[in-house]
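Asks: This is what each chain is made of:
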Amino acid sequence: MVRVTEPVIEVDGLARTFRSRKGLIRRSSKEIEAVRGVSFAVERGELFGLLGPNGAGKTTTIKMLITLLLPTGGRARVLGHDVVAQAHAVRRKVGYVFGGDRGLYERLSGLDNLRYFAELYGVPARESKQRVGELLELVGLAGREKERVEGYSRGMRQRLHIARGLLHRPEVLFLDEPSIGIDPVGARELRATVRNLVETGTTVLLTTHYMFEADELCDRIAVIARGRIVALDTPSELKQKVTTGTVLEIDVFGVPDGVVEKVRAEPDVLSVSVDVQGQAEVLTVHARPGTDVTQAVMGHLDGSRFGRVITRQPTLEDAYIELVNAA
Amino acid sequence: MRTLRLVGVAWWLQLKMRSRSAFDGLLSLLYPGFFATTIFMMFKQGDAAGPALLSAAVGSSAMGIWSAVSTTAAFALQMERRQGTLELLVLAPQPFALLLVPLTLSMATIGAYSMIATLLWGRLAFGIHLTIADPLGFLVAVVVTVFAIGMLGMLIAISSIRYRFAWALGSAIEMPVWLICGFLVAVSDLPAWVRPLSAVLSPTWGVAAMRAAANGQSPWADLGWCVLTAASYGLVAMFVSRWMVHSARAHATLALS
Amino acid sequence: MNSLRIFFIGGLTSYRALFHWLSPWILVPTFLLTPLFQIFLFVYIGRTAGISDDRFFLIGNAVVNAAVPCLFAMGNTIGGERNTGTLPLLIASPAKRVPLFLGRALPVIVNGFLVAVFALITGSLLLRVDIPPATWGGIAVAIAACSISCTGLGLLGAAVALRVRETAVMSNIVLGILIVFAGVNVPVGAMPGWMQVVAGWLPMTHGIRATHDLAAGAALTDVAGTLLAELGLGALYAGLGLALLRWFEYESRARATLDTA
Chain F
1 MVRVTEPVIE VDGLARTFRS RKGLIRRSSK EIEAVRGVSF AVERGELFGL LGPNGAGKTT
61 TIKMLITLLL PTGGRARVLG HDVVAQAHAV RRKVGYVFGG DRGLYERLSG LDNLRYFAEL
121 YGVPARESKQ RVGELLELVG LAGREKERVE GYSRGMRQRL HIARGLLHRP EVLFLDEPSI
181 GIDPVGAREL RATVRNLVET GTTVLLTTHY MFEADELCDR IAVIARGRIV ALDTPSELKQ
241 KVTTGTVLEI DVFGVPDGVV EKVRAEPDVL SVSVDVQGQA EVLTVHARPG TDVTQAVMGH
301 LDGSRFGRVI TRQPTLEDAY IELVNAA
Chain V
1 MRTLRLVGVA WWLQLKMRSR SAFDGLLSLL YPGFFATTIF MMFKQGDAAG PALLSAAVGS
61 SAMGIWSAVS TTAAFALQME RRQGTLELLV LAPQPFALLL VPLTLSMATI GAYSMIATLL
121 WGRLAFGIHL TIADPLGFLV AVVVTVFAIG MLGMLIAISS IRYRFAWALG SAIEMPVWLI
181 CGFLVAVSDL PAWVRPLSAV LSPTWGVAAM RAAANGQSPW ADLGWCVLTA ASYGLVAMFV
241 SRWMVHSARA HATLALS
Chain Y
1 MNSLRIFFIG GLTSYRALFH WLSPWILVPT FLLTPLFQIF LFVYIGRTAG ISDDRFFLIG
61 NAVVNAAVPC LFAMGNTIGG ERNTGTLPLL IASPAKRVPL FLGRALPVIV NGFLVAVFAL
121 ITGSLLLRVD IPPATWGGIA VAIAACSISC TGLGLLGAAV ALRVRETAVM SNIVLGILIV
181 FAGVNVPVGA MPGWMQVVAG WLPMTHGIRA THDLAAGAAL TDVAGTLLAE LGLGALYAGL
241 GLALLRWFEY ESRARATLDT A
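Chains as they are written, first to last, in UniProt numbering: chain F, 1 to 327; chain V, 1 to 257; chain Y, 1 to 261.
So here's chain F without its partners, still in its complex pose (with noise of 0.2 Å):
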């Protein structure tokens, strides 16, 4: 028995730059890094997650890993193919689904669509009908395949998006956003399906932005802000390395002007975020562990309304919301 050691996806200081320009006449070129060297490996029969907020690049290292964007700098490869000189080895092994409603032929029905992509990724003619017949009921759209596509809400399109990248068996499968714009119980049963396919051997490569979806799916997660791998581990893991030290949550309305950098600069105090939640503000502080932040952080909002004020244990999305802010 030969035992694979070599991992599915191969990620080596993969980078890109965008350059875009602008004016006709005087042209001014402005270069935006929006991945600027990340590594990691994925191994077969692994469910990997790429989790980071929006513009931190991870729809651009997906896009390069399915050869629809030339890296600036890097390799990758993907099933032992590299991504820039075996592009055609990799297109024919990799399924690609992204996220929201476009994709999809709006005028053709649902099967018209599977039907168009079978002869595309070059599914045989024998086996297409069979196989097509297989995802409409693996994606519970059997019953519904006959009917156009713009007539689709938006998580039976993007059922068929998933469909549609399982056509052709592909051995690694990467789905970038795939539950943006879901209800939650489409996003349940979206999740249910590819814990699916990943018992059944299929590599799945993930984004996302939701904490939870990573947290749930993954057996590992990459934290991925402003173009670098921030943390790369277990969900477990991750939630370890911040668990210790509390979080305080104070409810303000109206936080005055400078206060967040004087709560910033006490010494016990990590990091400070503010977020608006209806009428109010909540400040979030991530205290030093072993130390109670709350008095001088209150004796900070003196003269402010506040409601509720309570202190906490860190939860994965605060691991998150740390290493980003970090980055």
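No wet-lab data here; the hints were simulated from the structure.
Hints should not be assumed to be uniformly reliable.
With a straight-line Cα cutoff of 30 Å, these simulated DSS-like cross-link-like pairs (lysine-lysine) come out [claimed, not checked]:
(1) F:93 <-> F:146
(2) V:16 <-> F:146
(3) F:146 <-> F:129
(4) F:241 <-> F:262
(5) F:93 <-> F:129
(6) F:129 <-> V:16
Computed from the model, here is a short list of chain V residues facing chain Y with C-beta under 8 Å [to be verified]:
(7) 23
(8) 187
(9) 191
Which bits of chain V does chain F cover? Going by a derived footprint, with three or more residues having C-beta under 8 Å, they are [to be verified]:
(10) 93-107
(11) 144-150
Backbone N, C-alpha and C define an ideal beta-carbon position, used for all residues, glycine too.
Add chains V and Y to chain F, keeping to what the hints say.
Replies: Frame of chain F, contents of chains V and Y only:
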């Protein structure tokens, strides 16, 4: 065999999609009709009759095939880009140029519908009776011309992957090709410097073949040239598309975002 | 004052935002090359059909191209708002409707005028058709009248676009109708009676006829009546457009049919 099946299935589904669109379906059918009407009126005003009128009828009805392709070919990929399917086409493990053949072929097919509509219109409104000497030759000539114009459309479509404004250029070459390829004006009446250009454009040979078949001459030599030029577009497209897709990957112009 | 601002600034901004044809990659082929190609096409077809009157085809096809920006840019003012999702904001705005839409018309009129003038000048040079300098002023007035009246029709198109989604299809069909009926390639006098009646109610018909007369040496005063008819038609269509807009707007609020998606 696989390739044929791919082109066939994709052509049928693209045709289905296009005929459900007001712009691609309805307008491609109607718009050439306005030009044909004006041209029929001009020929009537100039007291044209017999072979001259027949020639005008053949030419103006075939205008629609090119019209449907030129105005939509460059726009089609813009549409694919807008609906997010362009990336999926590029990702497919097939030569990109091959995927565009059914796309532009479906446009040319809609153009062929407009050809039939225009011929009927000429008969009903202007009393132009089309007597075709060699119906089989004519039919073959129409099919080959549809194919050849589809191939030319593919070249335009490919150029639009990199250049987002190619659709404007696509619309702009609608009328020059009608003129240069002798749809209505004999190529020999055009300035000498234009003629080499006519010779390398496949529609020139396709329309000449249709006309020959209608007049009872042999269309086969013209058809040979038509197929040859169209096939050479396919070859050029293969190379250009490889370079274009590579360039699009480098410059990130495949997606909208 | 505020109305004036909406008229000028709002109009120009929306023109640039909605009708993003201001790139040279679109401008040159659409507004400079296509009209010329159209002129050449019909001059040559005319010669083949036995009507060798280059000046007739030059004038008709040059002037009718003023309709392209007038119909498309104007018709797109509503369709474009819908595509960008700003239509409800526009409808909900307290801005006065008449300056709002007429303001959008002004840059469009200028655009149409320039397209036709360029095509006429370049075409006459390339085809060596003589248009005496003494007639230029009058012809410019006639072309301006055509641009104004076509924009009036475009405004009607914009109103219809509140209900009809495919504005580009509609504008193309209107353009096709103008090419057939407005005396562009076949003199209106040579058409069957019913077509002449239709032609009389279309913008462009009167303006093109006036341009022919002016180029042939008529004085501006001789064609004043024809040009007034052209402008009158433009005003009629613009008025219909504004009325229809008001009615659709009222209707869509009453019955929640405003198609904003």
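Asks: Each hint: holds or not?
Replies: We went through each hint and held it up to the structure:
no.	hint	result
1	F:93 <-> F:146	holds, 28 Å
2	V:16 <-> F:146	holds, 14 Å
3	F:146 <-> F:129	holds, 14 Å
4	F:241 <-> F:262	holds, 26 Å
5	F:93 <-> F:129	holds, 20 Å
6	F:129 <-> V:16	holds, 19 Å
7	23	holds, 5 Å
8	187	violated, 11 Å
9	191	violated, 10 Å
10	93-107	holds (count 3)
11	144-150	violated (count 0)
Hint check: violations occur at hints 8, 9 and 11; the rest are consistent with the structure.
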